[in-house]
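Protein chains in written order, with this note's numbering: chain B, 1 to 347; chain F, 1 to 347.
Any given hint could be a false lead.
For identical chains, the list gives no copy identity; a pair is met inside one copy or between any two copies.
[As the list claims (entries may be wrong)] Think about it this way: if two alpha-carbon atoms lie no more than 25 Å apart in a straight line, the pair counts; the simulated DSS-like pairs of lysine-lysine are:
1. 168 to 272
2. 87 to 162
3. 347 to 59
4. 59 to 345
5. 310 to 162
6. 168 to 331
Rather than coming from a laboratory, the hints here were simulated on the basis of the structure.
Number of protein chains: 2
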Amino acid sequence: KRQLVKMPTSFPMNSGDAVYSYSKNSQIQREVLDGAKEMMKEAIIENLDIKNMLSSSNKFYITDLGCSIGPNTFNSMQHVVQVVKDKYHDNILEFQVFFNDHFNNDFNTLFRSLPVDRSYYASGVPGSFHGRLFPSRSIHFAHSSCAIHWLSKCPKELLDEKSLAWNKGLIHYVGASNVEVMNAYVAQFEKDMEMFFNARAEEIVPGGMMVLLSPFSGYRYLNFFGSTLMDLVNEGMLDESLVNSFNVPVYFPSIEDMTKVVEKNNSFSIEKIELTYPKSKLVDEADAKTLIINLTAVLQQLFINHFGNKITEETFTRTILKSEEISAWMKINYEKACQLFVALKRK
Amino acid sequence: KRQLVKMPTSFPMNSGDAVYSYSKNSQIQREVLDGAKEMMKEAIIENLDIKNMLSSSNKFYITDLGCSIGPNTFNSMQHVVQVVKDKYHDNILEFQVFFNDHFNNDFNTLFRSLPVDRSYYASGVPGSFHGRLFPSRSIHFAHSSCAIHWLSKCPKELLDEKSLAWNKGLIHYVGASNVEVMNAYVAQFEKDMEMFFNARAEEIVPGGMMVLLSPFSGYRYLNFFGSTLMDLVNEGMLDESLVNSFNVPVYFPSIEDMTKVVEKNNSFSIEKIELTYPKSKLVDEADAKTLIINLTAVLQQLFINHFGNKITEETFTRTILKSEEISAWMKINYEKACQLFVALKRK
Numbered sequence: 001k002r003q004l005v006k007m008p009t010s011f012p013m014n015s016g017d018a019v020y021s022y023s024k025n026s027q028i029q030r031e032v033l034d035g036a037k038e039m040m041k042e043a044i045i046e047n048l049d050i051k052n053m054l055s056s057s058n059k060f061y062i063t064d065l066g067c068s069i070g071p072n073t074f075n076s077m078q079h080v081v082q083v084v085k086d087k088y089h090d091n092i093l094e095f096q097v098f099f100n101d102h103f104n105n106d107f108n109t110l111f112r113s114l115p116v117d118r119s120y121y122a123s124g125v126p127g128s129f130h131g132r133l134f135p136s137r138s139i140h141f142a143h144s145s146c147a148i149h150w151l152s153k154c155p156k157e158l159l160d161e162k163s164l165a166w167n168k169g170l171i172h173y174v175g176a177s178n179v180e181v182m183n184a185y186v187a188q189f190e191k192d193m194e195m196f197f198n199a200r201a202e203e204i205v206p207g208g209m210m211v212l213l214s215p216f217s218g219y220r221y222l223n224f225f226g227s228t229l230m231d232l233v234n235e236g237m238l239d240e241s242l243v244n245s246f247n248v249p250v251y252f253p254s255i256e257d258m259t260k261v262v263e264k265n266n267s268f269s270i271e272k273i274e275l276t277y278p279k280s281k282l283v284d285e286a287d288a289k290t291l292i293i294n295l296t297a298v299l300q301q302l303f304i305n306h307f308g309n310k311i312t313e314e315t316f317t318r319t320i321l322k323s324e325e326i327s328a329w330m331k332i333n334y335e336k337a338c339q340l341f342v343a344l345k346r347k
Numbered sequence: 001k002r003q004l005v006k007m008p009t010s011f012p013m014n015s016g017d018a019v020y021s022y023s024k025n026s027q028i029q030r031e032v033l034d035g036a037k038e039m040m041k042e043a044i045i046e047n048l049d050i051k052n053m054l055s056s057s058n059k060f061y062i063t064d065l066g067c068s069i070g071p072n073t074f075n076s077m078q079h080v081v082q083v084v085k086d087k088y089h090d091n092i093l094e095f096q097v098f099f100n101d102h103f104n105n106d107f108n109t110l111f112r113s114l115p116v117d118r119s120y121y122a123s124g125v126p127g128s129f130h131g132r133l134f135p136s137r138s139i140h141f142a143h144s145s146c147a148i149h150w151l152s153k154c155p156k157e158l159l160d161e162k163s164l165a166w167n168k169g170l171i172h173y174v175g176a177s178n179v180e181v182m183n184a185y186v187a188q189f190e191k192d193m194e195m196f197f198n199a200r201a202e203e204i205v206p207g208g209m210m211v212l213l214s215p216f217s218g219y220r221y222l223n224f225f226g227s228t229l230m231d232l233v234n235e236g237m238l239d240e241s242l243v244n245s246f247n248v249p250v251y252f253p254s255i256e257d258m259t260k261v262v263e264k265n266n267s268f269s270i271e272k273i274e275l276t277y278p279k280s281k282l283v284d285e286a287d288a289k290t291l292i293i294n295l296t297a298v299l300q301q302l303f304i305n306h307f308g309n310k311i312t313e314e315t316f317t318r319t320i321l322k323s324e325e326i327s328a329w330m331k332i333n334y335e336k337a338c339q340l341f342v343a344l345k346r347k
């Protein structure tokens, strides 16, 4: 009898390639990648000693952790391959890319949209990057963009009405005046990263590298969804306790947060860590509508799991309708897009 | 803009896990595997020199070529891992299994049904095994069951009304009196296997092994679908030329066929090749209904591509209704199930 895997808690992007799919709505994530391309290139050129690392083999194994669905992941994987090829200008190296994401990621769409002209062998690896995914010492370069800020679950303190961390009327720590809410998020991030780095320390070969990219301020628009939910509460369409117990499980690590978890693990040296301020078309043009549709592709499944289809649809439709108002707010509260870049080397 | 891969010609098993899905209807293929388990175990024990092959590494890479959807592929991959572990009774070896099938295989269902208690790291590799799938010398054990008898396409001579190989009134070479039909199938098989062995010769490490299993007589029930199609022609529901130009692209290689293609490639030694006669519950009990439903899961997409949904549904429904008649025929024409087993070693 066929056995179904007990799903790890996970929050997949919208599947397929329809209007609100992630594959058609991942501009924010694309901007993060584009902003980091040159930095990633430099980090590889300065730190990767392939001849020493591979010794007699000609196989170079790369993974994109939390790849979701294309085209962003294809774009960055081809970039990594090209930089490594250019650095060693030989044609002997052969590349295999492992596209990793949760079991319920849409791998069918990912595989069917693989670029025909890719210069690597492609494979998919289902599973949570908070645990082991590969044999020991089998990966030479690991990459993760817009993924490690996803927590493995909502911190449990946030689910308890009696807790000091009960996040009344809000859906995230951004905007919360209650410091216990922030602490609960940080604690969960540290627990998750401990598992993440323990697994990667086993899997990455000595001398191998890892580049992590994380949005730092891009998701402050989350609270517009929160305020729409509270509108529904005020109209009597939704019970407030459902909003209070809902907390989007993303934490945006600072330089200090990342440094702390890397140093605790102690298997990687930090080659570069910095906040960058890439140009964002969406933020610069106060293009709230595209931004909100983009967040819809990211958040829809998460909302459906908690609120059901009807409330979720109402919330997203109403928030998209607020685009002009959000645009106006963006112009006044202009804040250059900001992201965290980390280049690590396995000791 | 997202680019869609131009699909290689391929004929996926029914996806998902509904009534006529391959995952719920793959008993024939299960019998093939079960019948070969002991032989595969012996072949590994007698021929695989892991310590020499892996030298200082502890990673053992396995692939199942044309894996389709579980549970059969999980069953055989766990078997391979267990046999290798038992032979070397150490716990140092780590296994990674690459589940390979065409781009349009249902990898989502495959991944979601992965056994929780598997003792290997799992990944999926989309693409045709008639071409390259992996870096050079990166696979230690390749396995393929009920897959290499699928041709990459219908031989083109069979599509030409003017050709001597025009297969009038039939949908396969089994039962055809026209020898040109058989020749066209053999020629296509040889072309496909040339590509198959060229790719595997690059990918499998020296000393690595490959075990191929192919049904030999199991699909002679194909022609019951053909006769249903001719019923529809006779009732004026279907144009005969559509039936004449339809030929199921499967060829069942004999010992001589396989020996010829392996020797032509010249990279593998044949450690064992034989026809086996495993017990078949379906054939022994003349269980035509299960058999026909099993073939439906395998053939439905192929029929839909050629005949469309309506004719395909009519054909399958009517053929299932003939189960009693087919059962009676099976009892009279009893033929023990028969399959081809090949164990090869990379020179």
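Do the hints match the structure? See the list:
1. Neither within a single protomer nor between protomers do residue 168 and residue 272 lie at most 25 Å apart by alpha-carbon distance, with minima of 38 Å and 70 Å respectively.
2. In this assembly of identical chains, residue 87 and residue 162 lie within 25 Å of each other by CA distance neither inside one copy nor across copies; the values are 57 Å within and 56 Å between.
3. Taking the shortest Cα distances, residue 347 and residue 59 sit within 25 Å of each other both inside one copy (20 Å) and across copies (21 Å).
4. Both within a single protomer and between protomers do residue 59 and residue 345 lie at most 25 Å apart by alpha-carbon distance, with minima of 19 Å and 22 Å respectively.
5. Taking identical chains as interchangeable, the C-alpha atoms of residue 310 and residue 162 are never at most 25 Å apart, the minima being 29 Å within one chain and 60 Å between chains.
6. Taking the closest pair of Cα atoms, residue 168 and residue 331 never come within 25 Å of each other, the shortest separation being 28 Å inside a single copy and 73 Å across copies.
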